[in-house]
Amino acid sequence: MWPAGKLLETSMFFICVGMTVTNAPAQQVVVSIPAPGPTEQIDHFIAQDWADREIEPAARCSDRDFVRRLYLDLAGRVPTAQETDVFLEDQREDKRQHLVDTLLQSEDHVHHLADVLDALLMGRTDEGKYAERAANHWRSYLEEFVRQNRPWNKVAAEILLARPENQSERGAVWYLYEQNNNHQAIAESIAPFFFGLRIECAQCHDHMIVDEIKQSDYWGLVAFFNRGKNTKTKLGPRVVESAIGGFSEFADLTGSSYPNLLSFLGSPPLNEKRPAAGQDQEDVDTLYVSGKPSDAPRVPKFSRRQAFIEQVVTGNRRIALAMVNRVWALLMGRGIVHPFDEMDSMHPPSHPDLLDELTNHFISSGYKMRGLIRSIVLSRAYQLSSRQPPGVEDPASFAWALERPLTAEQMARSVQLAVRGKFNNDAPLLHAFRQQFRDVLPDNFVAPVADALYLSNHPALDEFIRASNAPNHLRAQTLQQPTHSKRIELLFNTIFHRPPAASEQKAITDYLEQRESDLGPAIDQVVWSMLTSAEFRLNH
Amino acid sequence: MNQRPNTSSTCGSPEHAVHRRLFLQGSMAAGAASVASFNGLFSIPAAAEQAKRQGKKCILLWLCGAPSQFETWDPKPGTSTSGPFRAIPTNLPGIHISQLMPRCATIMDKLAVIRSMKTEPSEHFQGIDVLTRGDKPRPPFTRPILGSVIAQQLGDLDSPVPQFVLLDPCPEGNEFKAFKSGNWAGWLGAEYGPVRAGGKYSIPNLGRLDSISELDHQDRETLRAFLSRKYENDRRSEAASSHNAAFQRVAGLMSCAPLFDLDQLPPADRERYGPGAFAQHALQARHLIENGSTFVMVANGMPWDNHVFQHEMHQMLVPELDNVLFQLITDLEDRGLLEDTLVIAMGEFGRTPWLNEARGRDHYPNAWSMAMSGAGIRGGVVHGATDKLGRNVVEGHTDNRQLFATIFRALGIEPDQEYDLPGLPTFRRVEEDAQAVEEVLL
Amino acid sequence: MSEATKTLTLKKTQDWKLPTSVLDAALADDENAMIAGCMDGVYRLQFEPHQEELLYQHESYVSSVGLLKENQIVSAGYDGGLRWFDVEQRKLLRTTRAHDFWSWDMSVSADRSRIASVTGQYLAGSYKYEPQSEKEPSLKVFAADSGDLLHQLPHIPSTQAVAISPDNRFVAAGNLMGEVRVFDLDNGQMAANWTTPDFTSWGIIKSHCYLGGIFDLQFTPDSQSLLLCGMGPMRDPMAGNGRQLWQRWDWKKETPTLLDQTHQGQSGEGLMETLAIHPRSEHFAMGGRLRGGDWNLALFDLDSGDRIASAKTGFRITRVQYTADGKSLFVAGTQGQPKPKKDDSPLPPFGRVERYEIG
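Protein chains in written order, with my numbering: chain A, 1 to 540; chain B, 1 to 442; chain C, 1 to 359.
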């Protein structure tokens, strides 16, 4: 554990300069200093692990690498050539921190994080359902969560209770509502996103490998939500909760059956009187109180959803742990627990103390996402080169920056920016890409052949490049350059944010020289080849 | 919902890229002066690899979900747990199989059946892992799946036809779906992963865009490959290697699109194999093998997992399997291909002798059966035995390692060979010096 | 639930075990014995004094049993055979090979003059695994006394349930795909046919094929409508979690119409395999397996369709039958097979018969 409030001054020093502790002088002086911030804790625990493993991490990444990576991770897009130049020319010592703080305040960050949370929480879907998510204020609710840096525990409770009392919360209903009264699907979605656990296999039997996940957890979680029913009200869609019903039994593989008690993850089963088999309960008004506002649907006096919030969600450390691990995974390429939503006894954390401390910090700072993200991207591990150091094989060491494919939205915005200099979050290209590139946070990246075929033979990207024929678009700008060499430089600086290497200059010059007679389409070809190359497709 | 795969991590080794990297350096030295020379970048050197190739191939009928041994190869007539189906004699004296397999009963002299499989995992995901890779996982390293090993060892990398094909029309499939979205090729590298096709879920975007000429199509891909490989090599990037491997498939796939079109198979053959998706894809597997694929895995979701409706499902699935095996083996023999083509039919474990309340049989790895025929396999052998009710193996105990040693030996691949994985622990194709089942080998 | 409907109770008063699964059963006329069709043969289970006797066997499981005149019984089996047996003399009277495949279900007419049996193996008939057309007649009707074949009638395999109307004029059979065919017993002409999709699952998730279908059917006492039972559709049939479903159809309409079905909120999950109608038409009983919910045996008001009683038996029910006075219900079925400890040790008994008082 990190010694809170006390630190060896010398080791602090050596962490700062990036040397290993083994070089520390023999004489160590203990001094009292303020508790270290989360970034320092990350640096400490990660470096300690490197020392324990006796591995040398990758070098610090270049400013060019950093600016692209950070824009992708925080703003959901590549930087423009101009934004890159501004950063490269910034002479301040702490310019990386400045860029982090600027991007965290940007609207682009709001859209990007909302994209990611939506995909992870609700899942990818068809365009019709995406439109419904927007029309029913789910999307704007997520954006507001990010924009206002609202506390995650509060937002989680709003989403799970789905009983908005004012306009600004109304979008919270849509998470439960979209699942259309499928209470098992609701349980199977809540467990991984809010609690970092996969419980699907506990539907039919206690988890065979993970002892702590019981069949009673699965059916208990279902029971907390099984009195909800989608209802269209004057106030909009609501998941109206009944005061009766929802009692059933589940059978295990041997045929023995058990009552679905209101319990999840070892919470003591709630004391709710079960009617005898075959005895029907009467749904009388006295079981309810009126809703808020007054024209909202009535609310049961004993609300299972309310009980879930109070007994299972509120104060549950897992709510924080799951979010910390997920945000870490988003930024670092894999979770401290991997896979990030299987935080069970079969999947121990690679850095347990770090996960613990980050979670403590997340909780004590009021469950604020922005601070958590900031603390990670300012860490040394985040800012390593993506070149894997020789002899280091385990990605769980975080000894190099793990490459990740761009999400559909990152890819769509970045392609637009590269080719047209600006982007639109509602562009047809974005709609097309999110139907194809569905992964947001794969456990490991295996490029699908289907994606390669899509980029090669589907019209979406090809037509977008061809249609980018305005004077301020990349093709016209490139054609204006006096020489092939200058043209290639412009293409590389715009798309890859770096000058071309000599071999690249030569190969593409050779190609353009053969196509002198019809240079516009040839430039489109080069643009396609760059946009579909690994360098563009990956966040590195 | 989000298509998040549920798998263990990758091995993280970039070393598989070495031979391609050396080649690329050589080709770069020659320069990229013309469009024609770009195309040289597509090919991968066969070089000395050719020497060890014996032209052997393999079809795996992957009976995912796990079939019942009692309703297939190891019936227990007259016992309390036998189920309602009878046993019938075969063309091997004294050997009986389920009445649901009358056609296989006539070609038992060409089949080797192992009735004494005993493995460990009793859940699908872990069972699929062990029975397709040959061994338990050892995170963070990922052992390549059987098809990847065989494609790498025996495949013709110059062929435009995919060397490892998975035919599976089912887009869902619980644990098998999760498994399919994982890393199949493991430390061999993504280029040895499967191309997936099958049914209506067949390969989309296989045709070249009308808006672009064949020449332009090739040019831009050549440029893309050149840029991406430079990136891959400069960075030792495994992600880029995977990205490039995927694109490398595109040209080959486009050229052999007709092979993936069921409608182009001869109608008489289609009728003989039977109309179901599994049968049609088994025929397509034969077609792919004839046209240059090395390993074809045929699956149809995981239909064999009959915890409920066991007899109702097996009355349909087993006769289909019976006919498919019969047609495939006799076809391959008629075409002179059986000697070089290994046919394997198995799932990830067996089913319980006892029937559950829901008229089903549950998972059972303790004693189960599988069958093989063709290349390197001695026909007419039934290896091992189980006790009266089929609870335990009493003779010829065979585990996953021994099975894989047998499969590799049948195909002329050395089971004990170490993988060449600099920087990784020592891994062998089959661990612990497990011995092949000699009885079923030629 | 409508206010007029009175609720009832089901109270278990007696239980018996049989060595193997009871797949069908018929209450003897004196109501002191059950003829039980089991995995390993036909049993006579006498209640008072308790006595259990294996009468005879088929070559495979027994799927159905029925009572005939003069103390005879008839049984059908997974061997495709029908067997007539004289209980008094303990003598097998006749064996007829009715089908090449197994007999899924057999019914005896109310006047005990006719026997109907259904068969059919589900084999892949298309890429999507729609069933192949029949290879043998799916429905056969025999004379109960002579064993003569009276009709062989077409259906689509697998034809899983059969019933003869109380007026002995019609025979109805339901199949895997939810198709019901009703034939006139006088001339063998098809009198009605329709398909209900609500009992059949196509496995989207794991198994691209069909499962489920109609598992029992019964004419109402006026022969005007038909009750069907089974399990509602599932994305993954192997989960076995479709809703416990009955439907009531007016089959005599030009286009048969659905009159009623399990009411919303009154079903759990599980396959329902058996229906019985109260002797004075007060209600009907349905039983099967509990997969989710809190009952696998229930009584429904025959008019309103409301569930008026339910119980959980702890085993899969294969047959329910009222006593003649309508005050009791016999329930037969099976637990899962126990795991055998040794090869030669007999399995503990897992067939079940129970008696419930209706209060």
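Don't take each hint at face value.
To be verified - The calculated lysine-lysine pairs, modelled on DSS-like cross-linking and capped at a C-alpha distance of 30 Å, are:
hint, chain 1, residue 1, chain 2, residue 2
1, A, K273, C, K11
2, B, K136, C, K339
3, A, K214, C, K312
4, C, K135, B, K388
5, C, K312, B, K76
6, C, K339, B, K388
7, B, K230, A, K422
8, A, K506, B, K76
9, C, K339, B, K118
10, B, K118, C, K342
11, B, K388, A, K214
12, B, K76, C, K11
13, C, K6, B, K118
14, B, K76, A, K214
15, A, K229, C, K6
16, B, K177, A, K486
17, A, K506, B, K388
18, A, K214, B, K230
19, C, K17, A, K273
20, C, K128, A, K273
21, A, K506, A, K95
22, A, K273, C, K339
23, C, K6, A, K214
24, C, K135, B, K76
25, B, K177, A, K129
26, C, K12, A, K229
27, A, K129, B, K180
28, B, K76, C, K12
If you're looking for bench data, these hints aren't it; they were derived computationally from the structure.
K118/B and K342/C were given as a pair; does the straight-line alpha-carbon distance stay at or below 30 Å?
At roughly 18 Å apart (the allowed maximum being 30 Å), K342/C and K118/B satisfy the hint.
With the threshold set at 30 Å, check whether the alpha-carbon distance from K230/B to K422/A stays at or below it.
Roughly 28 Å separates the two Cα atoms, so the pair holds.
Is K76/B within 30 Å of K12/C, Cα to Cα?
Given that 30 Å is the threshold and the Cα spacing comes to 37 Å, the pair is violated.
CA of K12/C to CA of K229/A, is that 30 Å or under?
Violated, at about 36 Å.
30 Å limit on alpha-carbon distance, applied to hinted pair K388/B and K214/A:
Status violated; Cα separation ~35 Å.
Just to be careful, I want the Cα atoms of K214/A and K312/C compared with a cutoff of 30 Å; is the pair within it?
Holds: K214/A and K312/C sit about 23 Å apart, inside 30 Å.
Keeping to a limit of 30 Å between CA atoms, is the pair of K312/C and K76/B held or broken?
Not satisfied, since the Cα-Cα distance of roughly 34 Å exceeds 30 Å.
Hint check: K339/C vs K388/B, CA-CA at most 30 Å. Holds or violated?
holds (14 Å)
Taking only the CA atoms, is the gap from K214/A to K230/B under or equal to 30 Å?
violated (50 Å)
K128/C and K273/A: Cα distance at most 30 Å?
Measuring from Cα to Cα gives roughly 47 Å; hence the hint is violated.
Is K273/A within 30 Å of K339/C, Cα to Cα?
Violated, at about 36 Å.
Verify the proposed pairing of K6/C with K118/B, using a straight-line Cα cut of 30 Å.
violated (57 Å)
This entry does not satisfy hints 4, 5, 8, 11, 12, 13, 14, 16, 17, 18, 19, 20, 21, 22, 23, 26 and 28, going by the numbered hints stated previously.
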